[in-house]
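Residue numbers (my numbering), protein chains in the order written: chain A, 1 to 117; chain B, 1001 to 1116.
Please keep in mind that the hints were generated in silico from the structure rather than gathered at the bench.
Watch out, some of these pointers could steer you wrong.
To be verified - Here are the simulated DSSO-like pairs of lysine-lysine, each with C-alpha atoms no more than 27 Å apart in a straight line:
| no. | chain 1 | residue 1 | chain 2 | residue 2 |
| --- | --- | --- | --- | --- |
| 1 | B | 1103 | A | 20 |
| 2 | A | 66 | B | 1103 |
| 3 | B | 1055 | B | 1078 |
Unchecked claim - In silico contact screen, one side only, chain B against chain A (beta carbon under 10 Å); selected entries:
| no. | residue |
| --- | --- |
| 4 | 1006 |
| 5 | 1016 |
| 6 | 1019 |
| 7 | 1025 |
| 8 | 1037 |
| 9 | 1039 |
| 10 | 1045 |
| 11 | 1046 |
| 12 | 1095 |
| 13 | 1104 |
| 14 | 1105 |
| 15 | 1108 |
| 16 | 1109 |
Think of the CB as a built atom: it goes at the ideal place given N, C-alpha and C, for glycine as much as any other residue.
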Amino acid sequence: GAVVSQHPSRVICKSGTSVKIECRSLDFQATTMFWYRQFPKQSLMLMATSNEGSKATYEQGVEKDKFLINHASLTLSTLTVTSAHPEDSSFYICSAQGRGAWGNTIYFGEGSWLTVV
Amino acid sequence: AQTVTQSQPEMSVQEAETVTLSCTYDTSESDYYLFWYKQPPSRQMILVIRQEAYKQQNATENRFSVNFQKAAKSFSLKISDSQLGDAAMYFCAYRWDTGTASKLTFGTGTRLQVTL
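Isolated chain A, as found in the complex (with noise of 0.2 Å):
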């Protein structure tokens, strides 16, 4: 079974408004989470990567203003689209790491399609 759950598997929102993605490790602790967004036909873009109760280290050329991501527990980290364009209609899809065994692979959740009208 999954052991990294997103939701919503698909959201839609008006243009301006805010939007919030929940990425949660059911089996394990997520010291460490990933945020990637993926455009049609290519490849995931890491957009940050948060570490349990630090702020998110955000990636050459994402806005921290637009993308808030909160790593509040060791199991949830979640990633708010704020002030959402249409141009932030994507995939975005959240990954997790533990510590120990759980640390040897990084584990994938379902992923988000976000549309924003």
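Given chain A, work out where chain B should sit, using these hints.
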């Protein structure tokens, strides 16, 4: 910077045949991990196989095996006895550990078609 290159945007294989997907990477690190992930139409990223750089032995998982050439920085995936369910996007990924966390860099992917 670590980069991963997949030079085959698309590949096709007949059912029951063998296909090899290529991947090269660039790094100055000596200790790292390499992965192949499969992404079917559902978009779920599924781990196919992993290889630790310090291991000389090539990883094998059932019908999937890799040819890891560390000096050449090459990491190809061989799929034997291809099945229709193998059709998907395949991403090669490189991971290195920064001490507090890991970073994963993906190649651009290879779309594999499996024909009857």
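- Hey, does the residue 1037 (chain B) contact hint survive, CB to chain A under 10 Å? 8 Å, holds
- Query: Was the hint right that residue 1025 (chain B) lines chain A, CB cutoff 10 Å?
  - Reply: With Cβ-Cβ at 14 Å, over 10 Å, it is violated.
- Message: A closest beta-carbon separation below 10 Å is what the hint needs, so does residue 1108 (chain B) meet it against chain A?
- Response: Cβ of residue 1108 (chain B) sits 5 Å from chain A, so the hint holds.
- Straight-line Cα separation of residue 1103 (chain B) and residue 20 (chain A) no greater than 27 Å? OK: residue 1103 (chain B) and residue 20 (chain A) at ~24 Å, within 27 Å.
- Can we keep the residue 1039 (chain B) interface hint, with Cβ of chain A closer than 10 Å? Hint on residue 1039 (chain B): holds, closest Cβ of chain A at ~9 Å, below 10 Å.
- Would you settle whether the hint for residue 1016 (chain B) is holds or violated, based on the nearest Cβ-Cβ distance to chain A being less than 10 Å? 28 Å, violated
- Item | residue 1104 (chain B) as an interface hint toward chain A, with CB separation required under 10 Å | Status holds, d = 6 Å.
- Given residue 1045 (chain B) was flagged as interface, is its beta-carbon under 10 Å from a beta-carbon of chain A? 4 Å, holds
- Hint check, residue 1109 (chain B) versus chain A [nearest Cβ-Cβ separation less than 10 Å]: With a minimum Cβ separation of about 5 Å from chain A (threshold 10 Å), the hint on residue 1109 (chain B) holds.
- Interface restraint verdict for residue 1105 (chain B) against chain A (beta-carbon cut-off 10 Å): Because about 8 Å separates residue 1105 (chain B) from the closest Cβ in chain A, which is inside the 10 Å limit, the hint holds.
- 27 Å limit on alpha-carbon distance, applied to hinted pair residue 1055 (chain B) and residue 1078 (chain B): 18 Å, holds
- Residue hint residue 1095 (chain B), partner chain A, criterion CB-CB below 10 Å: 7 Å, holds
When the structure is compared with the earlier hints, violations turn up for hints 5, 6 and 7 and for no others.
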